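First to last, the protein sequences are chains A and B.
When the letters of the first sequence are read in order and numbered with the numbering used here, they come out as residues 1 to 287.
When the letters of the second sequence are read in order and numbered with the numbering used here, they come out as residues 1 to 248.
These are computed hints drawn from the structure, not numbers from a lab.
One or more of the hints may lead you astray.
[What the hints assert, rightly or not] Taking lysine-lysine and the DSS-like style, the derived pairs with C-alpha atoms no more than 30 Å apart in a straight line are:
| id | chain 1 | residue 1 | chain 2 | residue 2 |
| --- | --- | --- | --- | --- |
| 1 | B | Lys196 | B | Lys77 |
| 2 | B | Lys241 | B | Lys225 |
| 3 | A | Lys278 | A | Lys162 |
| 4 | A | Lys162 | B | Lys148 |
| 5 | B | Lys139 | A | Lys162 |
| 6 | B | Lys148 | A | Lys278 |
| 7 | B | Lys196 | B | Lys139 |
Owing to the predicted nature of the structure, the values given are computational and were not obtained by experimental measurement.
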Amino acid sequence: MQALYAQLLVGLINGSFYALLSLGLAVIFGMLNIINFAHGALYMMGAFVAYFLLNLGGINYWWALLLAPIIVGIFGMILERTMLQWLTGLDHLYGLLLTFGIALIVQGVFQNYFGSSGLPYAIPDQLRGGMNLGFMFLPIYRGWVVVFSLAVCLATWFLIEKTQLGAYLRAATENPTLVRAFGINVPRMITLTYGLGVGLAALAGVLSAPINQVRPLMGADLIIVVFAVVVIGGMGSIMGSIITGFALGVIEGLTKYFYPEASNTVVFVLMVLVLLVKPTGLTGRAA
Amino acid sequence: MPDPAIAEAPARAATGGNILQVRNLEAWYGESHILHGINFDVNAGEVVTLLGRNGAGKTTTLKSIMGIIGKRTGSVKFNNQEIIRATSDRIARMGVAFCPEERGIFSSLDVRENLMLPPVVREGGLPLDQIFELFPNLKERLNSQGTKLSGGEQQMLAIARILRTGASFLMLDEPTEGLAPVIIQQIGHTITRLKKEGFTILLVEQNFRFASTVADRYYVVEHGKIIDGFSNSELAANMDKLHTYLGV
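One chain only, chain A, in its complex shape:
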């Protein structure tokens, strides 16, 4: 039974990363209509920025949680202004190829300087150790990742679904020309949205650093699964991405317990099944 709970916890942690990353992808796809293949590389940059802040600037984990998303978000906004904005109105394939190219370049640069092995990033003192819950031992840092990720996901959902700024975003997703004709600077909003989506990826990178170490290919390993999560949840659906992210993490964890051989493929099998039954994803709407 202990092993089942342990796998459930691992599933929830993986689900946290899936949810944060797929949420960013959903926000970006909704607003920019771009399938952001650079997302994994930007997640990795978040972890590296935390590593640099600690080792070069002596800036701790808590500040990194704030600063890394801002720094990587600004990098993302520069990418959007200089490259992605020119893809407006073109086929999805162009965005996919451009961001895939960006991902390869960013990963290549980091691999060139830091190799492929992981760099250590220590768990902050306040989150060391664990708690005995009676039925299982819970490492405090892992519990923190799940709770904090969930809080960030729900805050993002609230921002987009329940605020005036979110109404601008949703409206601009439907008809950017008309929203701009109402007096809203839509190009600037698109840039900031890309920065927000990228910032969420970087935040996931910082959270991941103490668990998975900091590696140039850490994003490449994860991004394929995250895309499957987004497809299952429905492209562009905010709550769909959050629920599917956590749910698939748990399903993956349970599969590891009951049938370990299928744990690496269960997400993709589900993706195929969902695409066959509901091509727009579980919570997605037809275009």
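For this one, chain A is given, so just place chain B on it according to the hints.
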């Protein structure tokens, strides 16, 4: 008896001063040359209607003024400021509001969110209670999804949301299209009330019978040019010509 909503409202414009001046306006959709040198004026406080057959260039004229056509040349002056090169968000912030033919109600927003979406660009917009006096149906359906409203209610919502913004110059593109006669009548009353409040309105219409109940002046658009223009007082004398222009 005067309408309280109108009696208490500040006058937006004294009739007479030139608010919009369009000179030699040309516009293109990709390679297609749609407008071939449009010239007309709108004075403050007027309701001016662009008449013409389908495809004559009426909607393109509005879109060109609003800055949402990719390529346009010529001169468009709003309150004596040149706006031909301005972006649509800047034009909106100068006090120009556009209500598109397809109404542009957002399906992902409820009625309240649709209503509150356009930002207030200047003082003098209608407060919500006055908007609900004009369109009582909207108050009852604030939490409904925008696109779940009837066609008439969607049209009311599309007009209502630009009245909040403080824009003094409204461009309405075929507000009666596809609506039942009773709703058309209600929209006509609304336009008349807005005119009394001091709004300046540029209307595009194919429904000439409706336009004749609200307009002060008319321009006829054909093949991307203004080919004629007359005031409401000259209407009777121009009816035969007008029937020929519109093919009715």
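Against the structure, the hints:
1. B:Lys196 <-> B:Lys77: 24 Å, holds
2. B:Lys241 <-> B:Lys225: Since the Cα atoms of B:Lys241 and B:Lys225 sit roughly 16 Å apart, the hinted pair holds (cutoff 30 Å).
3. A:Lys278 <-> A:Lys162: Roughly 27 Å separates the two Cα atoms, so the pair holds.
4. A:Lys162 <-> B:Lys148: 20 Å, holds
5. B:Lys139 <-> A:Lys162: 20 Å, holds
6. B:Lys148 <-> A:Lys278: 24 Å, holds
7. B:Lys196 <-> B:Lys139: Satisfied, since the Cα-Cα distance of roughly 23 Å is no more than 30 Å.
Hint check: no violations occur; every hint is consistent with the structure.
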